[in-house]
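*Asks:* Residue strings, one per chain:
There are 6 protein chains.
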Amino acid sequence: MPVVVQNIARADRDVIDRLGRAGVATVHEAAGRTGCLASYMRPIYAGAQVAGSAVTISAPPGDNWMVHVAIEQLQPGDILVLAPTSPCDNGYFGDLLATSAMARGCRGLVIDSGVRDIRDLTQMGFPVWSKAISAQGTVKETLGSVNVPVVCAGQAIEAGDVIVADDDGVCVVRRAEAETVLAATEKRLAAEEAKRQRLAAGELGLDIYDMRPRLAEKGLKYV
Amino acid sequence: MPVVVQNIARADRDVIDRLGRAGVATVHEAAGRTGCLASYMRPIYAGAQVAGSAVTISAPPGDNWMVHVAIEQLQPGDILVLAPTSPCDNGYFGDLLATSAMARGCRGLVIDSGVRDIRDLTQMGFPVWSKAISAQGTVKETLGSVNVPVVCAGQAIEAGDVIVADDDGVCVVRRAEAETVLAATEKRLAAEEAKRQRLAAGELGLDIYDMRPRLAEKGLKYV
Amino acid sequence: MPVVVQNIARADRDVIDRLGRAGVATVHEAAGRTGCLASYMRPIYAGAQVAGSAVTISAPPGDNWMVHVAIEQLQPGDILVLAPTSPCDNGYFGDLLATSAMARGCRGLVIDSGVRDIRDLTQMGFPVWSKAISAQGTVKETLGSVNVPVVCAGQAIEAGDVIVADDDGVCVVRRAEAETVLAATEKRLAAEEAKRQRLAAGELGLDIYDMRPRLAEKGLKYV
Amino acid sequence: MPVVVQNIARADRDVIDRLGRAGVATVHEAAGRTGCLASYMRPIYAGAQVAGSAVTISAPPGDNWMVHVAIEQLQPGDILVLAPTSPCDNGYFGDLLATSAMARGCRGLVIDSGVRDIRDLTQMGFPVWSKAISAQGTVKETLGSVNVPVVCAGQAIEAGDVIVADDDGVCVVRRAEAETVLAATEKRLAAEEAKRQRLAAGELGLDIYDMRPRLAEKGLKYV
Amino acid sequence: MPVVVQNIARADRDVIDRLGRAGVATVHEAAGRTGCLASYMRPIYAGAQVAGSAVTISAPPGDNWMVHVAIEQLQPGDILVLAPTSPCDNGYFGDLLATSAMARGCRGLVIDSGVRDIRDLTQMGFPVWSKAISAQGTVKETLGSVNVPVVCAGQAIEAGDVIVADDDGVCVVRRAEAETVLAATEKRLAAEEAKRQRLAAGELGLDIYDMRPRLAEKGLKYV
Amino acid sequence: MPVVVQNIARADRDVIDRLGRAGVATVHEAAGRTGCLASYMRPIYAGAQVAGSAVTISAPPGDNWMVHVAIEQLQPGDILVLAPTSPCDNGYFGDLLATSAMARGCRGLVIDSGVRDIRDLTQMGFPVWSKAISAQGTVKETLGSVNVPVVCAGQAIEAGDVIVADDDGVCVVRRAEAETVLAATEKRLAAEEAKRQRLAAGELGLDIYDMRPRLAEKGLKYV
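Chains as they are written, first to last, in our numbering: chain G, 14 to 236; chain V, 14 to 236; chain C, 14 to 236; chain P, 14 to 236; chain S, 14 to 236; chain U, 14 to 236.
Simulated from the structure, these hints should not be mistaken for lab results.
All the pointers check out, no bait thrown in.
Derived BS3-like pairs: lysine-lysine, alpha-carbon spacing no greater than 30 Å straight-line:
id : chain 1 : residue 1 : chain 2 : residue 2
1  : G       : Lys-208   : G       : Lys-231
2  : C       : Lys-153   : V       : Lys-231
3  : C       : Lys-231   : G       : Lys-153
4  : U       : Lys-234   : V       : Lys-200
5  : C       : Lys-200   : G       : Lys-153
6  : G       : Lys-208   : V       : Lys-153
7  : U       : Lys-208   : V       : Lys-231
8  : V       : Lys-234   : U       : Lys-231
9  : S       : Lys-208   : S       : Lys-234
10 : U       : Lys-231   : P       : Lys-153
11 : G       : Lys-153   : C       : Lys-234
12 : C       : Lys-208   : C       : Lys-234
13 : G       : Lys-231   : S       : Lys-153
14 : C       : Lys-153   : V       : Lys-234
15 : C       : Lys-231   : S       : Lys-200
16 : U       : Lys-153   : C       : Lys-234
17 : S       : Lys-200   : C       : Lys-234
18 : C       : Lys-231   : S       : Lys-234
19 : S       : Lys-231   : U       : Lys-153
20 : U       : Lys-153   : S       : Lys-208
21 : S       : Lys-231   : C       : Lys-234
22 : S       : Lys-153   : V       : Lys-153
23 : V       : Lys-231   : P       : Lys-153
24 : G       : Lys-231   : P       : Lys-200
25 : P       : Lys-153   : U       : Lys-234
26 : U       : Lys-208   : P       : Lys-153
27 : G       : Lys-234   : P       : Lys-200
28 : P       : Lys-234   : P       : Lys-208
29 : V       : Lys-208   : V       : Lys-231
30 : U       : Lys-231   : V       : Lys-231
31 : S       : Lys-231   : C       : Lys-231
32 : S       : Lys-231   : C       : Lys-200
33 : S       : Lys-231   : C       : Lys-208
34 : S       : Lys-208   : S       : Lys-231
35 : V       : Lys-200   : C       : Lys-153
36 : U       : Lys-231   : U       : Lys-208
37 : P       : Lys-231   : S       : Lys-153
38 : U       : Lys-153   : S       : Lys-200
Isolated chain G, as found in the complex (with noise of 0.2 Å):
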C-alpha cells in the first residue's frame, strides 16, 4: 500500500500565483465558502503568503521519513502538504529539510502536527503553517505514501491541488476549479474596493447591502 505517486497534474502557474496574492479569506469566499483548513493551522512567522501545488504526504505519527521521499518529488511551486495517519505534535521538519526543500523551489510547508527550529525557518524564509511548534524528534521506521489523497486539517487534498496560505490560515481548491475560482476571486477582489471606499465615508453596510427590510421582516426590533 505505501506508495509514491511520481506524475502529478498540476495547475497553471499564473492562475496559482494569482490565487496566491488574493489571499485565503478571499478565495475561500469565491469557491462558494469552501476549502478552509482547520483554525489551529497557523503560521510560524507573520506576514507570508503563498500559493503553490500540494505535494502530499501521508505520515504515521511520529515518524518524518517519507518527508524525505517527498521532497524528490517536488518541483519549482509545490507546497508540501502533510498530514500523519493519526493526531501528533512532534516536529517532523526543520531547518535541514527546508534548506532541501527550497533548493528544489519549495515555497512551504502545511503540517497538521508540528515544526520546529522555527528561528531558523524564520530567517531562511521559509513558511510553515503547523499545528505545533515543538522539538520533538521523529524516527525514520515506517513507510507512509507521497501524493495520494489526504485529509490534513480537516480538509481533503489531493496532490495538484492548490493550497493558499497566509497570515489568515491555509484554503485548498481543487485543481480543476482553480481557473473558475480565480475568476470569481477576482470579480471579488475588485467588488470589495468599492464597497471599502463606501464604508470609510461612513456609509453602513445595513444601507450598502439594503439590509433593512429583510431585517424587519425576520422580526427585529429596535427599543
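With chain G held as given, fit chains V, C, P, S and U onto it using these hints.
*Replies:* Just chains V, C, P, S and U now, with coordinates in the frame of chain G:
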C-alpha cells in the same frame, strides 16, 4: 426576542481612557481580581492597548448579520463585543467591517470566535482580541441581538460596561464601578512603582511584604 | 511537607551556556530524543534563547506565594520552573516578580500556567515560556515547595537540572548528563553543517543518508 | 466583597417540577433556544433528571470552603451551582458534602470543575453535572461568595434561577420567566407527540413542515 | 452548489453485515490500518455495534435543515453521516428525527457535532456516535448538501461507503474495497482466535510472534 | 538506551490491597494531596477498583512493541503503566494483549494514550484507565523501555510504585511511602465515618469543623 437596544449608558470618557492606560492586569487587581475574560482570548498583533464602552452582540454560530446592525449603534470610543450563542471559530469579521467600524470611531473588537484579514487589520491598526483566527466565512440568515447582556469568554458583559484590553488579554469593569475601580487602579499604580524600585535594588518580596513570619507559622521548612 | 531546599547542585556554567547556544532541537536530539516539555509551552516573545539551572517551584493552583520564596534561592544563571499541583492558567508572575528575579541574575521563567505584564516583560528582556498568558491574579494563602522534584508540562524536572529554551520550546537535561549531552550536541552541530551545505546544493536526503535500499526493502512502490 | 446572600427568591415549586419532567432539550427550545450550559458539562451517571432552584457558589480555584457555607443556605428542592473564578478541574465535592447537602433536601450539583467519590454519589443517588471527575483535593483558605450572580459553563446564573438537568446536560431558566417558559414547554410537548406519531408512520419532516417550497426557493438541486 | 444526490451505489448488504459483526478494530486492521474516525467520536450508549451504507450530510454550523432532506434519501440499512462545514457542537438531532430515520430503516447516526434526547434515543435503540451531547437547538435557514463527499472527524467519506461502528468508535471502508476488506477481516478473525488461546495459556507474544531476535538486533538491553 | 529492568522492588501485597480497598480519593488525601493523574484518565467501564505495583512502559507514539516486552515482566498483582514519549491517542492495547496480561496475573492497565476492544475488555473484567478509546492500530518498529521512570498523565511514576485506580481516576503512591500512606488512609477512613453520620443527621460542616470564627475573621459578610 431579537432586539437592538439603541440608547445605552456609557462611563465617563476620561475614566475609560485612564483605565485603558493602566492596562488589564492592574485594573483587574484593582477591581478585586474580577473581570478577566478567558485566557484563550488573544490579540491579533502585539502592542495594542485600548479601553472603551462595550457595544454587545449576541449572534448565532456562523452568522455575522448582527455585526452590521451593531455598527450603526457605535459611538466614538466604543468597543464591539461579540458572543456567539454556541461555540464557533468562524471569521465573523474582517477588513471591510473594520473599515466601517473605524469610520464610526470604534476602538476595537473582542470576539469569542474568529476573525480574518489579519494582515489588513494590523496595517489599519484596528485591534482585535479573539478566540481564533479563521478565514471561514459566515452567512446572514438568522437574527441575534445588540446591546443585550452577553457572556463572552466566561464573563458576563452588559452594553456600556468598560472593556480594557492589551497584550495580557481582556477584562471588563461594570459601568457603575468604573470610577471606583479607577481610584483603586491609580492607587495601585503608585504603590507598584515604589515596590519596583526596591525589588530592582535587590530587596526581596519576602521582606518588603513581611512574609517570613506567616510562612513559618504555616509550617514552611527550610532544609 | 512544604519545604525549601536551599543548597542545590548545579551543572558547570560553561556547559550550560554552550547547551544554550546550541538550542532546544539539537540538545534534545543529542540527549537521545528526550527532555522536551509539552508543545503548548510557548515563549511570550520571539527570539529569546537561554539556558540555566532549574530552581523548581511546586505551587497550588491560583497561589503564587512560593514564587517569592523561590526568588531568594536564585543564583545568577538560574531559571525558575513552576509547576502547579493541578491544571491552572492564572497569571502567577508579572513585571514586579521579574524585576526581583532579574535583580538576582535569573535568566527566565518556565511555567506550566499563566504569566502577565507581557509588554513589560518583553521590554525588560525577561523571557518566559508558559502555557497561557493571563492577567488573572493569584492569592498567597497556601504553601508549596521549592527545589523539590516536579513534573512540568510533561517532564520530570529536579532542581539543578539544565533548562534550555528558545523559539522551539523548552527541554530539560539531567544535571548529571549535561556534559555528555553537550559533547553529543557539539558533535551533532558539526555534522549538521556539512549536511546543510550538501542539501543546499541540491543533493537529496534520500542519497546522503542512503535511504533508497531500505525504502525498497520495506516495500515502497513508485508509480 | 465576599458575601453570602441569605434570602433569595425562588420560583414556584410546582413550576420547577414540571420543567424538570419536561427535560433540558424541550425547556431550552421553549425558552427561545437559550440557557444551555456548555456541552462539556456531563452527568456522573446516566438517567438522572432533576430541576431545582440555584444556590450559587463563586469559589477560587482549588478551594472548596464556600461549599460548606453554601450548604447552610440550601432549602429542599435546591440545586448547588458552583463556578470557579478561573478554570479548574479539582474535586471540590464528594460523598461527605453530598451527605450534608442531601440532609438539607438538595437535589444535585452543577459544577464547572471536578467532583469525586463517583461510586458513592451514584449509590446515594445524588446527581452531579460536572466538567471533570477528579480525586484532586482542595484547600479551605480563601473566601468566595454564595448566592451572587455567576457565570457557570458559559451561562450567567443568578441565585433562584431554575436549573434543569438530565442526560442531555444542563440548562437555566431565569426565575422570572419560569412560568412563561413552562407554558411554552407544555405546549411544545403536546405538539411533539403528534409529530412523533406521524414520523413513526413514515411521513417525512419535509412534508409535515412543508419545507419543499422553501428549499427549492433557496436553490437546492436534486440530481 | 447545494445539491442532493439521489441515486448512490451501496455495497452488498451481506458484506456490510459481516463487516459489522467483525467490529471496528478488526475491520480497521484488515483495511491496512485505515479509516478510523477521530477518537473523540463516542457512542451515546454502550453496546451498540452496527454497519451500514453512508448517507452523507454537509451542513452549516448550527443548522439541521439538511437532516430532514437526507432522511428522504435513506434506504433500509443506511447510516446517516453528518459533517458540519465548521466546528460545532450543537444538538442537530434528537428523538423526532430518530423516529423518522428509524421509520425508513436507518441503523444509526455518525455526527461530528452534537446530539440530544439521549435518554429517548437509548430507549429507542437508535445508536449515535458523536463529538458532543448537547441540547442546544439549531435553525433551518441555510442549505447544505446530501450524498456529497465529506470529511467527518478526520476521514474522507463518500455516500455509499461502509460505516462500521461499535464501542471502539467508528471506521469507514471505501465501498469499492468492502469485499476485499471483508476477506482480510475474516482471515484475521480466524487467526486471532488461535492466538487468543495460546496467550490465555500463558505463552508470550514475544515467543508467538518470534520477536526476541529482532528486539536484540535493534539493541534492547535487559538489566 | 532502550532497556528492560527485570528485577524491581514491590510494596507489600497486603498494603497494596488495603490501599486499593480505600480508593483513590482517600489515598490521595492521606498522601498529602499528592499523586493524582490528570483527570482525563477515565475508566473504560464503571465500577472497577484496583491497586497494584506499576510495571512501567515508555513507548514511542503509535508503537506498541514494548507492551509485549513488558508483559513478560509482569507478576501477579501488577498493573501496566504506559506513557508514550509524545502525545498520542492510538489504541496500543486490546483483547489479545489483555488475555496475555491476565494470564500473568495483571490487574489492569493505566495508559496515557488509547485502548481498544472495549466490549471484550469489559466482558473479561480487565480494567483500563486511558486518555482515549481508539481502534487506531500501532506498529512494532521502534524500541522503548520497560520499568524505567516515566511521566504518565502528569505524574512521575517508577516501577514498583503503587497504583490505585477506581471510578475517580488514578493515583500513585511511592513504593517507599506505601505503609505510611496506608496508616494515614485508614485513620482517615475511620474519621470519615463519624463525620458522615453527623452530616447525615443534619449537622453542618460549618459547625463540625468550627469554621464560623475563621470565616468571620477573613471577612465573610452575611447579608
